[in-house]
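Starting from the known structure of chain A, fit chains B and C onto it as the hints suggest.
Chains as they are written, first to last, in the numbering used here: chain A, 1 to 192; chain B, 1 to 101; chain C, 1 to 543.
Keep in mind that the hints were calculated from the coordinates and are not lab data. There may be inaccurate statements among the hints.
Unchecked claim - Computed list of chain B residues with no C-beta within reach of chain C, every gap over 12 Å:
1) PRO7
2) LYS9
3) TYR11
4) PHE12
5) THR13
6) GLY16
7) MET19
8) LEU22
9) GLY34
10) LEU36
11) VAL38
12) VAL39
13) ALA40
14) THR43
15) LEU51
16) SER62
Stated by the list, open to error - Covered, in the sense of this in silico footprint (three residues per stretch, anywhere, with C-beta under 8 Å from a C-beta of chain A), are these stretches of chain B:
17) 23-33
18) 52-58
To be verified - Quick list of simulated restraints, FRET-style, between CB atoms:
19) A:ASP106 x C:LEU364: 54 to 60 Å
20) C:ARG25 x A:GLY66: 28 to 34 Å
21) C:PRO234 x B:VAL39: 26 to 32 Å
22) B:THR13 x C:LEU23: 48 to 54 Å
Just so you know, even glycine gets a beta-carbon here, dropped at the ideal spot from N, CA and C.
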Amino acid sequence: MWVFLTTEVMFFGGLFLGYAVYRGSYSHAFGMASEHLDIVLGTINTAVLLCSSLTMALAVHATQLGTRKTAVMFLLLTILLGSVFLGIKGVEYYHKYDESLIPGHDFHFENADPRHAQIFFSFYFVMTGMHALHMVIGIGLLALMAYWTYAGRFSPEHASPIEITGLYWHFVDIVWVFLFPLLYLIDRSGSM
Amino acid sequence: MSEHIIPRKVYFTIFGALMVLLAFTVGIAYVHLGELNVVAAMTIAVTKALLIILYFMHVRYSFRLSWVWVGAGFFWLIIMFALTFSDYFTRDWLPVPTGWK
Amino acid sequence: MSSVALHRDNYLNVSYGIKSWLLTRDHKRIALLYLMSITLFFFLGGAFAVLIRLELLTPAGDLVQAETYNKLFTMHGVIMVFFFLIPSIPAVLGNFLVPLMIGARDLAFPRLNLLSWYVYTIGGIFTLTAVVMGGVDTGWTFYTPYSSTYANTHVIATALGVFITGFSSILTGLNFIVTIHTMRAPGLTWFRLPLFIWSHYATSIIMVLGTPVIAITIVLIAVERAFRLGIFNPALGGDPLLFQHLFWFYSHPAVYIMILPGMGVISELVTCFSRKRIFGYEFVAFSSIAIAVLGFLVWGHHMFVSGQSPYAGLVFSFLSFMVAIPSAVKVFNWTATMYKGYISYDAPMLYAMGFIGLFTTGGLTGLFLASLAVDVHVTDTYFIVAHFHYIMVGGMVMAYLGGIHFWWPKMTGRLYPEGWARFAALVIFIGFNLTFFPQFVLGYLGMPRRYHAYPPEFQVLNVMSTAGASILAVGYLVPMLYLIWSLRYGKAAGANPWKATGLEWTTTSPPPTENFLEAPIVKEGAYEYPPGAPSRDEDEKVA
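Isolated chain A (complex conformation) (with noise of 0.2 Å):
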């Protein structure tokens, strides 16, 4: 799974790289479309994926202690989270849809170039949509391996299913949790 979780490293790397890219050339038209972005949903969810990191880890805790029923509930709770993670992202993106700020389609944008920003809220989409896919991926993980938990499948000596899936989902999280300033938190203090 390390090795797996370089690989995404690398994914995740090209967009940031683009990204990086962009917004040192752009800094003015991405701070100003990074405003647009709803910053209390956002720092939600981040806090929202973070308590599901925890979740994640009392789950893999519990497996390895032999703790079946415990270890469920934590496995359940991570997929609660992560779930209202994706409905938040979800009411996030309609509202773009309601701000016209969709790129390629009715793209309007006043306080800076609007193709800049069109590239912002293009770079805003693929990554928070990436990173969406590897929660909805995720999420399916989780379900089947609380399935398996509840049928008895995992033990104190066999826990390394829930530990590999534990550490895909705490890659998942620190992807946003790079991903959220880089997005959400260019220029709040309103100098650019």
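Okay, now just chains B and C, sitting in the frame of chain A:
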């Protein structure tokens, strides 16, 4: 994977630290620091990531080989960034009639 | 040794029926599945090459229209690079031999291995569908903004095919890394491993670290095309060079994915057919790793004239010179191995020697290209085409054929006809040089690549090149024929017809499904050929 089972208290402590860092990151975004804003944000993000990696992902207690792979991924990312930016940062050094910017 | 049926229970006859092959977890069967798919793609890519060379017989663009020609060279490139060169040796020889060479029963994740073949095939079908629907004309490099905005061919379908197949690469690499780390036989320390394993390990590192970047690049192109964005389109504020950075960050290491396994094969062939230990084992092993690492640092040399900052160009140029060093180390060491060895000129050795000569030529011309001043003149000309074909075809394909011949007895339990094999190797060598050497001259004289018409003064060299291509085609067809022939009529091979060292030769030919009847224990290093006269019997060897 490691055999070391981390006590629950540690997880909760790390979680607390992560939330504090989150509040910090949002707060500092509202302070005008110019170029340093992104430095601050990234420093906090890296700190959070390290906490998650070391404790939630058990790397602190893990075989060295995992460290190697974690390190390799980030090292390669740095290579990609560094060499690409060697292009972008130095484009202005030569007088060109119309830069792409 | 009976020359009719292979009576023992081995991985080939342990079960019959198409289901037993399509649902197999045996790495050896999966290797053969790959062999079939890869051969198919090789000949398909070759067919496009035939059309290209036919068009270039005459200066006028008279065989096909310009747009069609663009599709021809694009499809030739896409198929050859992504569906032949990158998988070939790792997927066929690597899959077959890695467990055998380390004394393991199978790879670490046999089901992932099968999945990786299916993923490859599905990606291939996607791309084939795109071909059938009309193909792509952007060049295999998919440069933007043409590919992302202006092309009206099936870019997304082809790109998706490549994206899917990329996962096959990642899974194979992952499998090899874990297998080599964890499943070596007792006593098989890292420095006793065959160099074939070292080179596959290095290749796997590249696969794992590089392929995801092209994956995301393809995603971005597809998204940009589908939603009419401007990430790489200057008219909308994008930067085409960003695409090139992202694309070449993978695609340069990709060429090392292609050549490193070939180098591993050559190490095996040169030692066996010189009856000598490799000269400088650690140097060769470490240079594989060095190539893998340094290969990631040089991608900008594909972009010297595209608007990249010249200062970045300086850095990339310097690093490109550096990456030649480990390759040179290997060539010296192979040559030194052959020195005062007992050379025998069996077909695999002919391929190996061809490799050493042609790869060196291609590699040296790479040094010309690494120097900025020369590259400015010859980039996008046939000089580049000749350079990479020397390495890929003169190098990699020769290594692949050499490996296939060398391990054919192990894989099939049959010997191929040695006379025909040597003949084919010679035909390939001659055909290859006649095809591609004129292209160095053409490029130097200024003929651009990817053009279907050219000034009449270039015709003689082009005709030579096409003539060479026809000879090369014959050279590739002949092994197809006799290898298939040998499956039924070839003499039965013993466990070790070449009297080579290596764990794979200690088991039967073909091996049983579990590879070894008893788990091997390793007590000595690789390539411990006994000193003195060669000990091979003439009887056992030739068909």
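Results for each hint:
no. : hint                            : verdict
1   : PRO7                            : holds, 30 Å
2   : LYS9                            : holds, 34 Å
3   : TYR11                           : holds, 29 Å
4   : PHE12                           : holds, 34 Å
5   : THR13                           : holds, 34 Å
6   : GLY16                           : holds, 34 Å
7   : MET19                           : holds, 31 Å
8   : LEU22                           : holds, 27 Å
9   : GLY34                           : holds, 24 Å
10  : LEU36                           : holds, 26 Å
11  : VAL38                           : holds, 19 Å
12  : VAL39                           : holds, 23 Å
13  : ALA40                           : holds, 26 Å
14  : THR43                           : holds, 25 Å
15  : LEU51                           : holds, 25 Å
16  : SER62                           : holds, 15 Å
17  : 23-33                           : holds (count 7)
18  : 52-58                           : holds (count 6)
19  : A:ASP106 x C:LEU364: 54 to 60 Å : holds, 56 Å
20  : C:ARG25 x A:GLY66: 28 to 34 Å   : holds, 31 Å
21  : C:PRO234 x B:VAL39: 26 to 32 Å  : holds, 30 Å
22  : B:THR13 x C:LEU23: 48 to 54 Å   : holds, 49 Å
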